[in-house]
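Taken in order, these protein sequences are the chains called A and B.
So that you can map any letter, position 42 of the first sequence is 42 in this note's numbering, and since no number is skipped, the others follow by simple counting.
So that you can map any letter, position 165 of the second sequence is 165 in this note's numbering, and since no number is skipped, the others follow by simple counting.
No wet-lab data here; the hints were simulated from the structure.
In this text, all values refer to a predicted model and were calculated from it rather than measured experimentally.
Heads up, the beta-carbon is just placed ideally off N, CA and C, and yes, glycines get one too.
One should not assume that every hint holds.
Sample of chain B residues facing chain A (criterion: CB under 8 Å; computed from the structure) [stated by the list, open to error]:
#  : residue
1  : Asp157
2  : Asp162
3  : His164
4  : Thr201
5  : His205
6  : Pro213
7  : Ala220
8  : Ala223
9  : Lys226
10 : Gly229
11 : Ser232
12 : Lys235
For the chain A half of the interface with chain B, some residues (derived, Cβ under 8 Å), not all of them [said to hold, decoys possible]:
#  : residue
13 : Gly4
14 : Gly6
15 : Phe23
16 : Ile77
17 : Trp82
With beta-carbon atoms standing in for the labels, derived distance ranges [said to hold, decoys possible]:
#  : chain 1 : residue 1 : chain 2 : residue 2 : range
18 : B       : Ala181    : A       : Ala99     : 24 to 34 Å
19 : B       : Trp161    : A       : Ala56     : 22 to 32 Å
20 : B       : Leu230    : A       : Leu95     : 18 to 28 Å
21 : B       : Ala21     : A       : Leu24     : 46 to 56 Å
22 : B       : Gly4      : A       : Leu52     : 24 to 34 Å
Letter by letter, the chains look like this.
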Amino acid sequence: MRRGAGWWAAMGHRLSGLALAAFLPLHFLMLGRALGGAEALDSSLKIAELPLVKVAEFGLVIALAVHLAFGLRVLAIELLPWPARDGLRLRLVYLGLAATVLVGIAFAVSVV
Amino acid sequence: MAEGTLEVRIWRGGDEGAFGAYAVPARENQTVLDVVTEVQRRFEPSLAYRFSCRVGVCGSCAMTINGTPRWTCRTHVKRVAPEGRLTIEPLRNMKRVKDLACDMDGFLGKWASVGTFEGTATRADPPAAIDPASPARREVDAAIQCINCAVCHAACDVVAWDPHYLGPAALNRAWTLYNDARVADRRAVLDGALQPGGCHTCHSHGACTEHCPVGLSPTASIAGLKRAGLVSLLKGGRS
Numbered sequence: 001m002r003r004g005a006g007w008w009a010a011m012g013h014r015l016s017g018l019a020l021a022a023f024l025p026l027h028f029l030m031l032g033r034a035l036g037g038a039e040a041l042d043s044s045l046k047i048a049e050l051p052l053v054k055v056a057e058f059g060l061v062i063a064l065a066v067h068l069a070f071g072l073r074v075l076a077i078e079l080l081p082w083p084a085r086d087g088l089r090l091r092l093v094y095l096g097l098a099a100t101v102l103v104g105i106a107f108a109v110s111v112v
Numbered sequence: 001m002a003e004g005t006l007e008v009r010i011w012r013g014g015d016e017g018a019f020g021a022y023a024v025p026a027r028e029n030q031t032v033l034d035v036v037t038e039v040q041r042r043f044e045p046s047l048a049y050r051f052s053c054r055v056g057v058c059g060s061c062a063m064t065i066n067g068t069p070r071w072t073c074r075t076h077v078k079r080v081a082p083e084g085r086l087t088i089e090p091l092r093n094m095k096r097v098k099d100l101a102c103d104m105d106g107f108l109g110k111w112a113s114v115g116t117f118e119g120t121a122t123r124a125d126p127p128a129a130i131d132p133a134s135p136a137r138r139e140v141d142a143a144i145q146c147i148n149c150a151v152c153h154a155a156c157d158v159v160a161w162d163p164h165y166l167g168p169a170a171l172n173r174a175w176t177l178y179n180d181a182r183v184a185d186r187r188a189v190l191d192g193a194l195q196p197g198g199c200h201t202c203h204s205h206g207a208c209t210e211h212c213p214v215g216l217s218p219t220a221s222i223a224g225l226k227r228a229g230l231v232s233l234l235k236g237g238r239s
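Work out the full structure, taking the sequences as your base and the hints as a guide.
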């Protein structure tokens, strides 16, 4: 079955949500190591400087942007009135995509 | 499309079955329903399929054409198969009875389960004075033209995932009843739509709206039900 933009937006929202849920325990682990003293935190922060972790961080920012943009799309569809009944508000999908790309570029520029 | 031959694959059998392959002459102004009819008359007299009006009024000829649910009578071959290859299956999300005919009971049962029109007026009462420009009536007008062709039901991935989900057509119907000032118990209609498997099961993919041959937006109707449920929760503590 051919999928429309709305389906891809919903998948982006769901998969990015799962990725963020998977990331959270790692985030808490890192924060928890700070409780062990400055040395433990410093060693964790060194890991955070590794190139691979930076790439993962980029992925995290993209996942956050996708989840925010497509979550706002769902809220707009479900909570705002529909002045025109035609169309699918696909502009919201493309706006969300554009916002995600912008966030990704901004993050890449700030890191590099 | 003019001279040439169409390569047509048609589902034969029920839930278990296989595709049959047919070579059908390509013609000018040929709809997919024309192709199915030609296959039945020339090659497969036992081919089962549904149709009635042939002009997009009855909604009974919907099938899956090259992976997309459509009315076959309103689908020109050249629009969906410029290279002359057609794969025709029954609609998704319903039990296949035979070949291209599927069992509509589940779909129509869900449609009926959201409620039927029950008013309060008697024969002695004058006709209800409904302002056509009122917001509620405009909501009804925007959604009332559904003819139960089940294209939206077949297009919906949530229906495929969750067999208890009422689906876009039934919820669109609930939205028209909920906004109809003549309906005696609109609250009961909303309650039905808010049950598990109701409007909150919708993921707002929008496949129903994308595929509706009449151009309706069940997505907007379902969003309306969700909003009505939220307003009801905020006002009266019930959702």
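Could you work out which earlier hints the structure fails to respect and list their numbers in ascending sequence?
-> 2, 3, 4, 6, 10, 11, 12, 15, 18, 22
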